[in-house]
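**Q** Chains as they are written, first to last, in the working numbering: chain B, 1 to 403; chain D, 1 to 429.
Among the hints, a few may not be true.
Listed next, with one range per pair, are the computed distances between beta-carbon atoms [to be verified]: (1) D:THR179 / B:PRO28: 39 to 47 angstroms; (2) D:ARG30 / B:LEU153: 51 to 59 angstroms; (3) B:LYS281 / D:LYS206: 35 to 43 angstroms; (4) B:ILE156 / D:GLY33: 38 to 46 angstroms; (5) B:THR274 / D:ILE41: 37 to 45 angstroms; (6) B:SER79 / D:THR178: 27 to 35 angstroms; (7) D:ALA280 / B:ILE50: 39 to 47 angstroms; (8) D:SER245 / B:PRO211: 54 to 62 angstroms; (9) B:PRO211 / D:ILE366: 17 to 25 angstroms; (10) D:HIS180 / B:ALA315: 31 to 39 angstroms; (11) B:PRO151 / D:LYS206: 52 to 60 angstroms; (12) B:LYS60 / D:LEU68: 58 to 66 angstroms; (13) D:ARG311 / B:GLY95: 55 to 63 angstroms; (14) D:PRO74 / B:ALA146: 40 to 48 angstroms.
List of simulated lysine-lysine pairs, BS3-like, C-alpha gap at most 30 angstroms [unchecked claim]: (15) B:LYS209 / D:LYS344; (16) D:LYS420 / D:LYS206; (17) B:LYS60 / D:LYS240; (18) D:LYS344 / B:LYS60; (19) B:LYS86 / B:LYS60.
Simulated from the structure, these hints should not be mistaken for lab results. Using N, Cα and C, we set each Cβ at its ideal position, and we do this for glycine too.
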Amino acid sequence: MSTDTTTEPEKAAPDPVPAGEPQRSGLPSWAVQSLVSLSAIVLALIVGAILIIIGDDQVKAALGYFGAAPMDTFSAAFSAVGEAYKALAVGALGGVTPITESLTQATPLICGGLAVSLAFRTGLFNIGAQGQLIMGAILAAWVGFAWHLPPGLHLIVAVVAGLVGGAIWGGVVGLLKARTGAHEVIVTIMLNYVAIYLLQWLLTTTTFKRPGREDPISPIVDANAQYPQFGSTRLHVGFLLALVAAAFVWWLLNRSTVGFELRAVGANADASRTAGMSVGKAYFIAMLVAGALAGLAGTQQVLGTDLPLTDGVAASVGFDAITVALLGRGTPLGTVLAGLLFGALNAGGLQMQLETQTPLTLTTVLQAVIVLFVAAPALVRSVFRFLPKERGLGAVLAKGWNG
Amino acid sequence: MSESTTTADTVKVPAPATIEAPAERTRRLRVGGLMLVFALIGLGLAIGTKSGKATFQLTSGDLKNNLLHLPAQPVGILLGILGVLAAVAYVLRRIPQRYAGWLAAVLGICFIGAFLCWAAAGKTFPLANQFQGTLNFATPLILGALAGVLCERAGVINIAIEGQFLVGAFTAAVVSSTTHNAAAALIAAAVTGVLMAWLLAVFSIKYLVNQVVLGVVLVVFASGITGYLFDQFLQEDAAKLNTPSVLSAVKIPLLGDIPFFGPILFNQTVLVYLTYIAVAVVTFVLFQTRWGLRVRAVGEHPKAADTVGIRVKRVRYSAVLAAGILAGLGGSFFTVGYAGSFSKEMTAGNGFIALAALIMGRWHPIGAMVAALFFGFATQLQSQLQIIQTPIPGELLLMAPYLATIIAVAGLVGRVRAPKADGEPYVTE
Numbered sequence: 001m002s003t004d005t006t007t008e009p010e011k012a013a014p015d016p017v018p019a020g021e022p023q024r025s026g027l028p029s030w031a032v033q034s035l036v037s038l039s040a041i042v043l044a045l046i047v048g049a050i051l052i053i054i055g056d057d058q059v060k061a062a063l064g065y066f067g068a069a070p071m072d073t074f075s076a077a078f079s080a081v082g083e084a085y086k087a088l089a090v091g092a093l094g095g096v097t098p099i100t101e102s103l104t105q106a107t108p109l110i111c112g113g114l115a116v117s118l119a120f121r122t123g124l125f126n127i128g129a130q131g132q133l134i135m136g137a138i139l140a141a142w143v144g145f146a147w148h149l150p151p152g153l154h155l156i157v158a159v160v161a162g163l164v165g166g167a168i169w170g171g172v173v174g175l176l177k178a179r180t181g182a183h184e185v186i187v188t189i190m191l192n193y194v195a196i197y198l199l200q201w202l203l204t205t206t207t208f209k210r211p212g213r214e215d216p217i218s219p220i221v222d223a224n225a226q227y228p229q230f231g232s233t234r235l236h237v238g239f240l241l242a243l244v245a246a247a248f249v250w251w252l253l254n255r256s257t258v259g260f261e262l263r264a265v266g267a268n269a270d271a272s273r274t275a276g277m278s279v280g281k282a283y284f285i286a287m288l289v290a291g292a293l294a295g296l297a298g299t300q301q302v303l304g305t306d307l308p309l310t311d312g313v314a315a316s317v318g319f320d321a322i323t324v325a326l327l328g329r330g331t332p333l334g335t336v337l338a339g340l341l342f343g344a345l346n347a348g349g350l351q352m353q354l355e356t357q358t359p360l361t362l363t364t365v366l367q368a369v370i371v372l373f374v375a376a377p378a379l380v381r382s383v384f385r386f387l388p389k390e391r392g393l394g395a396v397l398a399k400g401w402n403g
Numbered sequence: 001m002s003e004s005t006t007t008a009d010t011v012k013v014p015a016p017a018t019i020e021a022p023a024e025r026t027r028r029l030r031v032g033g034l035m036l037v038f039a040l041i042g043l044g045l046a047i048g049t050k051s052g053k054a055t056f057q058l059t060s061g062d063l064k065n066n067l068l069h070l071p072a073q074p075v076g077i078l079l080g081i082l083g084v085l086a087a088v089a090y091v092l093r094r095i096p097q098r099y100a101g102w103l104a105a106v107l108g109i110c111f112i113g114a115f116l117c118w119a120a121a122g123k124t125f126p127l128a129n130q131f132q133g134t135l136n137f138a139t140p141l142i143l144g145a146l147a148g149v150l151c152e153r154a155g156v157i158n159i160a161i162e163g164q165f166l167v168g169a170f171t172a173a174v175v176s177s178t179t180h181n182a183a184a185a186l187i188a189a190a191v192t193g194v195l196m197a198w199l200l201a202v203f204s205i206k207y208l209v210n211q212v213v214l215g216v217v218l219v220v221f222a223s224g225i226t227g228y229l230f231d232q233f234l235q236e237d238a239a240k241l242n243t244p245s246v247l248s249a250v251k252i253p254l255l256g257d258i259p260f261f262g263p264i265l266f267n268q269t270v271l272v273y274l275t276y277i278a279v280a281v282v283t284f285v286l287f288q289t290r291w292g293l294r295v296r297a298v299g300e301h302p303k304a305a306d307t308v309g310i311r312v313k314r315v316r317y318s319a320v321l322a323a324g325i326l327a328g329l330g331g332s333f334f335t336v337g338y339a340g341s342f343s344k345e346m347t348a349g350n351g352f353i354a355l356a357a358l359i360m361g362r363w364h365p366i367g368a369m370v371a372a373l374f375f376g377f378a379t380q381l382q383s384q385l386q387i388i389q390t391p392i393p394g395e396l397l398l399m400a401p402y403l404a405t406i407i408a409v410a411g412l413v414g415r416v417r418a419p420k421a422d423g424e425p426y427v428t429e
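If we strip away everything but chain D, and leave its shape as in the complex, we get (with noise of 0.2 angstroms):
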């Protein structure tokens, strides 16, 4: 489009107008449909919003020099009509299509943010807290949904992520408790997550059980064997088996002294910059190596990857074995990383959610980061309306995150599409 503009001589062509199909037309309506909603009950909010200050938090620490006081209702309205706006935009093509996804981000926090004016007005909102608590509710997640990633694009679906939780959490309380050493704790959890991962491995590439039948029973043992010995051994010798030290928290120097921000992300524990690096790596490496190509062709397309020269079966173990790391290191975070004790089923769910988290970041690493990161984010808000009390009851409060999973998932992501031998177990002819 620059070209026509710098060129004087040439006749200015219209960009030649896209055609639009008509699949992508329903779509653009009712995501753009559904967003004009959102964005007309931020606005709604903000005009319903006590007149007053609402004051938000920046910093866990001390109360008096962090406070950030705003005009609840200006603002509110503000931000409605700016998401109003991003809505229009979107629905009636304004922007270019590349843009679509940032405009529905900002109509995200557009809606956040008329919602916090909504909710402070009045009071305080701890911001800080919140991002801090999201970071915490999302590292499991993240962890485990890089693990999913990692396995279902070598071609096995991994339902079992919650099983790799619980052994995770249960062997590094228990290590931890009778070692009293982070790391051990850290690599026992990680080594039981590849066993788990062992199990998913083996029966489905070679004794080829249906991975969704397998996942599901898997997670069924883990949390049997886990309960079992909690059961006979964690319960009656509590206190030598089951009080694993909490991994403290580590500043790295300078990154941690930016405002706001640097502590949240850079005062934290190993676990969490285990995650940051994750992502990182497992990114890089599916991009960016040999076997990240290799773990995606034989993902896609085993047979041609067969055909040239790639042991499928190999690769699928190897991919396997090392999501059971990433995954088990998740599991510890529940227990040496925040709650400090091992209990039965205390995973509750987390393992399913980092599926979720991972079918929503359609299958990539980054998409799975966010989208677990937006759990964390919502969980988070939900527990800190309750303490600053809303007219909303608690456990409707609670919902929000599922009822928005489910609006991202049917609204906004819509037809995913799996690496196409996902779940396919291979058989070489």
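Only chain B is shown next, with the shape it has when bound in the complex (with noise of 0.2 angstroms):
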């Protein structure tokens, strides 16, 4: 987990902290940031270690007659904790393999992450990326088994369909918030439903049901629509696509003129608009950018790990994305460290899983907590006392409701 857990170098655009408080200590921000993701990490390793405790079966018998012997249930807490961890760190990081795993597993939270930080970075709540993933998928999955393409072409026209699809349902929500200022947050919860019953029917369609089968599951896509595999890995060039996709969006939020447009909106919607700049449009694009990147992770799904469409194709990835985003701090290379450290995770907690039961759902927690200690700086130092104090950590984000 060594590289996955600095948060990004770069700096965070707007610093909305009072500039009075001086830096206290000589390291560099993201040196101190980058100690604080540390630290929050092994805080968030220690309250998994709790919740493993107290969910182990030994620890429960030892605990039984902790009167006679407390130094059992002490050995048992030790090595479920050590056993559970050890599993996780193996499974994660052990071998090419479990490398490749957490790879894979990082790729649609990536893209996913990137959909929703570009939005955060122009002032919008996308809670829709899971909707545009499924939108994405859906045109991607049906122009892979529905259409019949020369190598190369296909698959970039099923990518392109996919981009297509989730740029539509992410353009809409901006379009509706430029025109009529319904609120975002209510649009891409709703859309997120929608998309999850439109995918439900179409796979009882007869153009998405694959022949011969009762459950909801389509054909499988043409191998020529499908992303080439790193040798006999899961892995698949969808992930560099991902990496691709985050360069862009640096580009474009910090070298492109549209992009200086959305963080100024970001920044301060008024603002923005007295110096001439058009704010529904800013959402209009961020939105519409924010949902083909959420559409790529849909097509990294379906055309790269899944192949056949299915109603559990975007799992709970454009919800993890939301996390990632908030961990990535809104930041193109800080949404790909933690996408990456996520992946991780989710790679790790299977095999954790599969060798020590401990439930796939503590790593949910795991990635919770991690956040929420990142988030909360002040907190993770009154734990850490040796960490130095730096100003503005945490406040990145900050912002009220009304945009």
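Reconstruct the complex from the two isolated chains, following the hints.
**A** Encoded structure:
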């Protein structure tokens, strides 16, 4: 987990914290942020350890005669935690297969995280990555199994279809927000459900249902439309596309005129309007691109890891993407690193469940606690007193409801 | 206007024509256009209705005596025409602006009526079930939305309602299973709701964490922790830990005997009655008490509140914690109020729908309740229509409440304004 733990060294754009407080440490801010993030992970692992201990049967048994042999309880607890975390680490990083599996798990999380964080930077809360991902997956899968095109072209067309599907689902949100003022949180949440039920309905139609199957599953996408895989692993070219997408978002936000407007609107919509920018246009563009990014995550699911379209295609990626974006503090590099960390936790968590019967839900707790602690550096510092003081942490995305 | 007609000797001056702002005008035309489209769809459905009787079942119990037979097509067409008239009146501004909401309501009822006549032609539609189900679906939504109203009026965004639901549902199930005591289960649910609210309060008020971030993370946390405990304990020992008894309905004398609505509204569980009380109490407390005034003050302008001596953080803490009680109780509805056992992620996004209800209700308890009821109605209608079988596939019907919400938010509610300081941590300088 060593490389995954640092947050982004680059500076998040607008720093809304009052500049009055002096910086007290000689360390550069990215180093302090990394230290805080590392400490947050350590704290999360401690919370996880407590959960493992209370859930472990041997500990429960040993606790029954705690008075007689208290050390038994402690050693049982120690071994339970040790075995579980060892399985987690081995499952995430212990060899080529675990590492490629971690990267595979990280792939859609990175794209989904980018979709959420791009909207965040424009001052929009995109809770709708799930729906955008589903729409992308639907279109990509349909092109993938119903069209038959030459190699190369087929994949490109399918991916573009996925991008379009997501972009439509996201763009509608931006358009409604810009034209009618409909709150994007509600609209994205509602569109998630619409997408889920649309998917469920499509899987009952003759166009999408695999002949001869009763369960909701589509035909497998053509080999021409599948992302090429690396060797015999599950890792596919979609991962590289995720990195390209991150680089694109970085360029868009930091090097393009459009990106400047997006960030300006995100920092202060009223001021941007006064300065002559079209806030509505910024919302529309941000949600359009965000939707396309989530759509890309959908293609990675359906053309890379899953191959047939099922009603479980999105799993919880769209929601995990929100936590990934939060951990990544709204920057592309941060999102990539957070995606890698969560991918590793997912892959390791599966291994942990297999080997030690520690439920996968534990990794959900770990992920939530990590983000919670990273978002509250003051709390982390009150536990680990040695951490240097640094201003501006945790307030990167602080912003009111009214945008 | 009435004075000008009663005083005989004054020259009749036409009421000064209010000048409509361009934004108002576009809004009126957009909303009116949308209403007209709906009215025409309703009328179209009515015209296309098979002739015959639509039967509405007025009680959920005995079938014989409580059936209402209506000639489907004529009634539908009548309602359709009424709806069109309402929409046209709205577009042409023939009715004072303050009745516009009523016009929309008339149209909505006409549309639903026409739709029901179409769907129920030649069949029996269980109308009592429809209202009963509406209340069932709406109860947790109302409680959750009220919790949101309290938090957000005080300036703390509460996206974590879903998380509070989950822990409330979980503890209610476990405590009910182990103690067999309904009161204990509800109290436990409220307490864990407060614990989640406390996390929300500490992290947002003390540690100044972005509240949207925090809310989402707390939902993930709650789903993880209840999921983990479910996997480790409830699943292994379901007989002991996950067999809560569902609250039994208590009939209120007299009120419960009112025909049709009596049994629906007043033969319910304690939790439903608590919900009625909660709506009244939250409305009263927010708008009629000193504490409520303070809550609204710290949500709108914390600095001004601070200047006049209100302790901003303390007021915010109290509002968020009080909201936790409501959300925890709302969560308990899923297990002890309805389903009878806990399962992973059983709240299924209802916390987010409660959030939508509170925004649709414009941060007002009554508005939030109406929005929650609308949601409950649409959800229940969808499952009823699946039972009586309409040509529309079930999955598409399932979408209806969500699409309806989008249309309502985009077309009817439009730009909403949250409390001004909602989501902004307060830092004393």
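**Q** Would you mind marking each hint as holding or not holding in the structure?
**A** Now the hints, each set against the structure:
1. D:THR179 / B:PRO28: 39 to 47 angstroms: violated (56 angstroms)
2. D:ARG30 / B:LEU153: 51 to 59 angstroms: violated (43 angstroms)
3. B:LYS281 / D:LYS206: 35 to 43 angstroms: Since LYS281 (chain B) and LYS206 (chain D) have Cβ atoms about 38 angstroms apart, the given range 35 to 43 angstroms holds.
4. B:ILE156 / D:GLY33: 38 to 46 angstroms: For GLY33 (chain D) against ILE156 (chain B), whose Cβ atoms are near 41 angstroms apart, the range 38 to 46 angstroms holds.
5. B:THR274 / D:ILE41: 37 to 45 angstroms: holds (42 angstroms)
6. B:SER79 / D:THR178: 27 to 35 angstroms: At roughly 30 angstroms between Cβ atoms, THR178 (chain D) and SER79 (chain B) fall inside 27 to 35 angstroms, so the hint holds.
7. D:ALA280 / B:ILE50: 39 to 47 angstroms: holds (42 angstroms)
8. D:SER245 / B:PRO211: 54 to 62 angstroms: With a Cβ separation near 47 angstroms, SER245 (chain D) and PRO211 (chain B) fall outside 54 to 62 angstroms, so the hint is violated.
9. B:PRO211 / D:ILE366: 17 to 25 angstroms: Given a distance of about 53 angstroms, which is not inside 17 to 25 angstroms, the answer is violated.
10. D:HIS180 / B:ALA315: 31 to 39 angstroms: holds (38 angstroms)
11. B:PRO151 / D:LYS206: 52 to 60 angstroms: holds (58 angstroms)
12. B:LYS60 / D:LEU68: 58 to 66 angstroms: holds (59 angstroms)
13. D:ARG311 / B:GLY95: 55 to 63 angstroms: Since ARG311 (chain D) and GLY95 (chain B) have Cβ atoms about 57 angstroms apart, the given range 55 to 63 angstroms holds.
14. D:PRO74 / B:ALA146: 40 to 48 angstroms: holds (46 angstroms)
15. B:LYS209 / D:LYS344: It holds: about 29 angstroms lies between the C-alpha atoms, which stays within 30 angstroms.
16. D:LYS420 / D:LYS206: holds (20 angstroms)
17. B:LYS60 / D:LYS240: Within the cut-off at roughly 17 angstroms; holds.
18. D:LYS344 / B:LYS60: holds (23 angstroms)
19. B:LYS86 / B:LYS60: holds (21 angstroms)
Hint compliance for this structure: hints 1, 2, 8 and 9 are not met, and every other hint is.
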